[in-house]
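Protein chains: 4
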Amino acid sequence: MDYVYGPGKNHLFVPGPVNIPEPVLRAMNRNNEDYRSPAIPAMTKNLLEDVKKIFKTSAGTPFLIPTTGTGAWESALTNTLSPGDRTVSFLIGQFSLLWIDQQQRLNFNVDVVESEWGQGANLDILAEKLAADHSHTIKAICIVHNETATGVTNNLATVRKLLGLGIVCASPKALEASKSAKSVRVFFDWNDYLKFYKLGTFWPYTPSIQLLYGLRAALDLIFEEGLGNVIARHTRMGKATRLAVEAWGLKNCTQKEEWYSDTVTAVLVPPYIDSAEIVKRAWKRYNMSLGLGLNKVAGKVFRIGHLGNLNELQLLGCLAGVEMILKDVGYPVKLGSGVAAACAYLQNNIPMIPSRI
Amino acid sequence: MDYVYGPGKNHLFVPGPVNIPEPVLRAMNRNNEDYRSPAIPAMTKNLLEDVKKIFKTSAGTPFLIPTTGTGAWESALTNTLSPGDRTVSFLIGQFSLLWIDQQQRLNFNVDVVESEWGQGANLDILAEKLAADHSHTIKAICIVHNETATGVTNNLATVRKLLGLGIVCASPKALEASKSAKSVRVFFDWNDYLKFYKLGTFWPYTPSIQLLYGLRAALDLIFEEGLGNVIARHTRMGKATRLAVEAWGLKNCTQKEEWYSDTVTAVLVPPYIDSAEIVKRAWKRYNMSLGLGLNKVAGKVFRIGHLGNLNELQLLGCLAGVEMILKDVGYPVKLGSGVAAACAYLQNNIPMIPSRI
Amino acid sequence: MDYVYGPGKNHLFVPGPVNIPEPVLRAMNRNNEDYRSPAIPAMTKNLLEDVKKIFKTSAGTPFLIPTTGTGAWESALTNTLSPGDRTVSFLIGQFSLLWIDQQQRLNFNVDVVESEWGQGANLDILAEKLAADHSHTIKAICIVHNETATGVTNNLATVRKLLGLGIVCASPKALEASKSAKSVRVFFDWNDYLKFYKLGTFWPYTPSIQLLYGLRAALDLIFEEGLGNVIARHTRMGKATRLAVEAWGLKNCTQKEEWYSDTVTAVLVPPYIDSAEIVKRAWKRYNMSLGLGLNKVAGKVFRIGHLGNLNELQLLGCLAGVEMILKDVGYPVKLGSGVAAACAYLQNNIPMIPSRI
Amino acid sequence: MDYVYGPGKNHLFVPGPVNIPEPVLRAMNRNNEDYRSPAIPAMTKNLLEDVKKIFKTSAGTPFLIPTTGTGAWESALTNTLSPGDRTVSFLIGQFSLLWIDQQQRLNFNVDVVESEWGQGANLDILAEKLAADHSHTIKAICIVHNETATGVTNNLATVRKLLGLGIVCASPKALEASKSAKSVRVFFDWNDYLKFYKLGTFWPYTPSIQLLYGLRAALDLIFEEGLGNVIARHTRMGKATRLAVEAWGLKNCTQKEEWYSDTVTAVLVPPYIDSAEIVKRAWKRYNMSLGLGLNKVAGKVFRIGHLGNLNELQLLGCLAGVEMILKDVGYPVKLGSGVAAACAYLQNNIPMIPSRI
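Protein chains in written order, with my numbering: chain A, 1 to 357; chain B, 1001 to 1357; chain C, 2001 to 2357; chain D, 3001 to 3357.
Keep in mind that the hints were calculated from the coordinates and are not lab data.
Any given hint could turn out to be false.
Not the full set, but computed from the structure, chain A residues with beta-carbon under 10 Å of chain C [said to hold, decoys possible]: (1) Glu22; (2) Pro23; (3) Leu25; (4) Arg26; (5) Ala27; (6) Asn29; (7) Arg30; (8) Pro38; (9) His145; (10) Arg356.
Just so you know, these numbers come straight off a predicted model, no measurement behind them.
Glycine included, each C-beta is placed from N, C-alpha and C at the ideal position.
Okay, chain A solo, but in the shape it has when bound:
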């Protein structure tokens, strides 16, 4: 039995963890296997090739480390940097804050550039710092692509233009850096992976068999839908959500359009409302999970995650729910207004499902 029962589907609209497609759940529903049999290396080889397609790289080297995002961050830092190295890091919300904390505890010399929460990274300051860095003391620029606490997406293309390089999965340059990086690491060490990649057995320690099969199914689904279509679907849902927020007369925590995120929208509530109450109501009355406001924006924003295995009608159910909750907590929303605004846009923009034409 589930831990806390509620009828119907739970409407999961946090920016993570996200909804998992049923074929992926099915693929993971299996007993363990010997990861040293010929089957797992053969499968891993294909997975690594296919993951590179998602990163749109042919030169990169992907690592499938059995950990969460926080561990992946640590892996990226410790494999490319040495203690004492200077990093320029942008503090724009809770997740960039946590990342900066990690960098500091890993003993890097972190040059923090702070912006008001709701703004993107200040790239003018970055340009200044780079210009002033005649002796090349800046070893890394740490920038959260999508700050889920405030719904801000930073423009990495501009960052890259400033730098003239591209870092995706582990670029050849990152791999090169990992040879001389002096940060202490074992579990996260790319070199152990590379050793086993060369041997063709691929795994320095036991992988999660279930996650490998889940990744296989997830990649198949992405290729079936088309990576471009997946991205377009997220863009569409981000736009629809923002139109609803506008129709409700509420403000987006993200201060400029150029920073709008396709995957999460942080909504500012009027001062007389505690946004935590909205999240609580969603869960207690409507079987919906919304994202809390964190740290500096606690109580001030609630967040709608619109990413993962979601489609437009699911999102519209969420938006209708948010309208009722806003009314519940005393905000004078016009019921149907946000849904109508989202529908007006979506009805003109949702494509036919290719496999069903």
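We have chain A; now place chains B, C and D onto it with these hints.
Structure of chains B, C and D alone, referenced to chain A:
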């Protein structure tokens, strides 16, 4: 991989098959077992007791026949009637039509009372027939409780008042009838079940192990939510759907309020629209499954099933989808109007989820 | 949680229900779908074609009736015969007994040919009856291919030689018969199916979505292994089991080699042992499910089902378990003797797994 | 579909990953949830309490770090030690070797005590080192409890007697050490966990929802079987395996009885056989996964893992398989001999399953 892929959840809003709760799917996800071991009879014993609670009967005898609804109909008829017996049957839509066809092919003498599709059973005529039946030739009254083709729910309480009896699962009276019923049956024969009920092994032939565990999980969920709450949730969703239909300026196929169904709403479309096109669009563009109009109402109605493991936000996603589809096919709907009408009602009537207060 | 917990795998060795392959369980682990969408008919069309390959027929017409084996029997009988028709039926064990009971209750004129339990159908008598039947009163010959109560497989090729015809799924001849057959049936009526086959929607009533996907996965597995290899695997396991029984110094209930079954072996126990005690011990101490002796052979035989998703090492675990149980109940078995005999045969006959060479 | 198909169950007998109970697989077969809802902390609180029961501690503090065993090692080391600290580490096989490598790369001063592979840790040398350590330079003693490469279990009770302390999960002493430990860590840092334990939200970063539910189900199963019974079952299977090895005339890689492992047996093969060929055959012909010999014992041993969700009949199937494989590769085994030896012991020692008496 799924047969025809679409991103996100499929929005299943046909009046059957219905959405299955995840705990039930999980419970069914298991290998077979020996049904002659002590475990299965012990489990079956409890299941039969608990099924009686759903039928709100203590005197009734439930049968769990491994078949579909059509087979259950046949079971009910052949176990209580003999060829040539007179039945009064009400023809009010596609499913009552199919049932009457079954009765005729099983060689009963079927006295058909037809109403216009969209109306309920004509109980005045039933009263007349009963009054005129001095020699008690009427052996059964066959009335579809919920005609899903037209969204009509018949008032069984009134039928019972006319008759002075209650038929639920197999009432003692039905069981008595099964002893003398001369209809030919083997697979559906209740007497084989009764023999094994007495032996305490319960199964005259191999049951579906998976369905037994699924039933167990389903009953547990119903008891956890509370049967009254389950019914209230369906009533609420029926009401919300009808309010949306009204807001769209469309007519309900069900002609009078007394016949409104809690589980399905058949919506009449204007003559210049083919309702099949609505169902097709729902599936091809919005990953939603709506019910077709059948037989006499083909092309004229589409149906929204609002039953099973569903909650209000799921329904609102469906209603928002229907609005976009109506616009797609040229009906001048005001986007958001139906959702707003449903929300205005629901926001005042959805209770807190008891386990989450 | 499971109903009656035991550590490790349950060893399921009854002749039914049988072990389900994990990919089939995974395929069935899904929510419902609208069976009227384009996806289900497209899938059903392929399923029907592929099922014909399993029946090795191109002229036959398969029916996927949502029922158990008992219902399938009823379907075959009522669609081809009329009340009063003469059938010749062979009574050789519990399952042929149940089938004859069904034929009698469906009002056929059943000419029963009984053999001692443990023998196959007496085909000499059949030859005599056919020779004497100048006026062609025999409308059907009903012969259980594999009598699981006694582990007897009848030689259908010989039966066919006597008759000069082939009955597989519904042969064209059987379909022809269904047009004039007067047996009352609705749920089981092939004609309803045929009507929907012609329409291309395939289903006269709601199918089990889960079972369709399960069938798809099962067919894929059979084609991947190769139907011939599936059959050879069963033959191998039947042979291995009989060698073990012989090594234990016990007799096979099946009296002649020509009747040995590839899928189940019924083992006779000495008179001082109650075979039900063996089955009970298997379940209570070893987490194994063996088949009981039924009716005439109750207490005298226990049955080892060796069919479905099983391989040789699973069978050897079962045989080792049976040896311990035999010792438990006082039979002076030499531990390891049956396993050794089975291994000596299997070690020379198990092929490499083709996908792993 | 599976990656590399084989009929029947895969017989998984590697010392890890191990067989997962079906109820655990079922529990993990679920969509994500918001880990910040009230449900997950409530569940986590109970999990932590119940995990302590498995560690048989009331004073300890468990950490559920989303990582594999290698990560858990790193967590234990970096949270209690500082770079330069002296550790005494015992090298007795591949897994202790990997652990020592980790300690060295984490910059501890590792005092390695090597034994021949197949022997346990040399505790005499430990006693000498401790006696000589007047200035308390030894900060930790690193001893692999169960060296799965050679099937050696070290006697931790003796180690504890030498030391006068008990380390299980994180003892109060270990927690105290974590406050001053200077090893660099973030992802693995216990202090982040402790901070969230205090807040009652429990998770410093996103946990795997699926693994939490799986752990819940696994704990329930252990409590249902009884922790003592789980351990006794493993002891029984270890003993049975060793009896089979002896009956085959082969030697155990583990050199003394006091080091025998309940969970894995490493079997030495004669010099004219390559043990890798045995593992390969098991997989290619019998759908069985055995453990390879690693590093120093590569080609010389194969390993039978007998742990996790296994019962005796599964093990006997494995042993019968090993006998056939030994014959396949030219070793003159007497078929049935190992199974017989194991059965003779098991038949007297397997208890009734308590829930089935």
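Evaluation of the provided hints:
1. Given hint, Glu22 of chain A at the interface with chain C, holds; its Cβ is 6 Å from that chain's nearest Cβ, closer than 10 Å.
2. A hinted interface residue such as Pro23 of chain A counts as satisfied when its beta carbon comes closer than 10 Å to some beta carbon of chain C; here the least separation is about 9 Å, so the hint holds.
3. Because the closest C-beta pair between Leu25 of chain A and chain C is about 8 Å apart, less than 10 Å, the hint holds.
4. A least Cβ separation of about 5 Å between Arg26 of chain A and chain C falls short of the 10 Å threshold, and the interface hint therefore holds.
5. Interface restraint check: Ala27 of chain A against chain C, minimum CB-CB distance 7 Å, threshold 10 Å, status holds.
6. With its C-beta approaching chain C no nearer than about 6 Å, Asn29 of chain A sits inside the 10 Å limit, and its interface hint holds.
7. Interface hint at Arg30 of chain A: satisfied, since its Cβ lies 6 Å from the closest Cβ of chain C, which is below the 10 Å cut-off.
8. Interface restraint check: Pro38 of chain A against chain C, minimum CB-CB distance 7 Å, threshold 10 Å, status holds.
9. Because the closest C-beta pair between His145 of chain A and chain C is about 34 Å apart, greater than 10 Å, the hint is violated.
10. At its closest, the beta carbon of Arg356 of chain A sits 7 Å from a beta carbon of chain C; the interface hint therefore holds under the 10 Å criterion.
When each numbered hint is compared with the structure, a violation occurs for hint 9 only.
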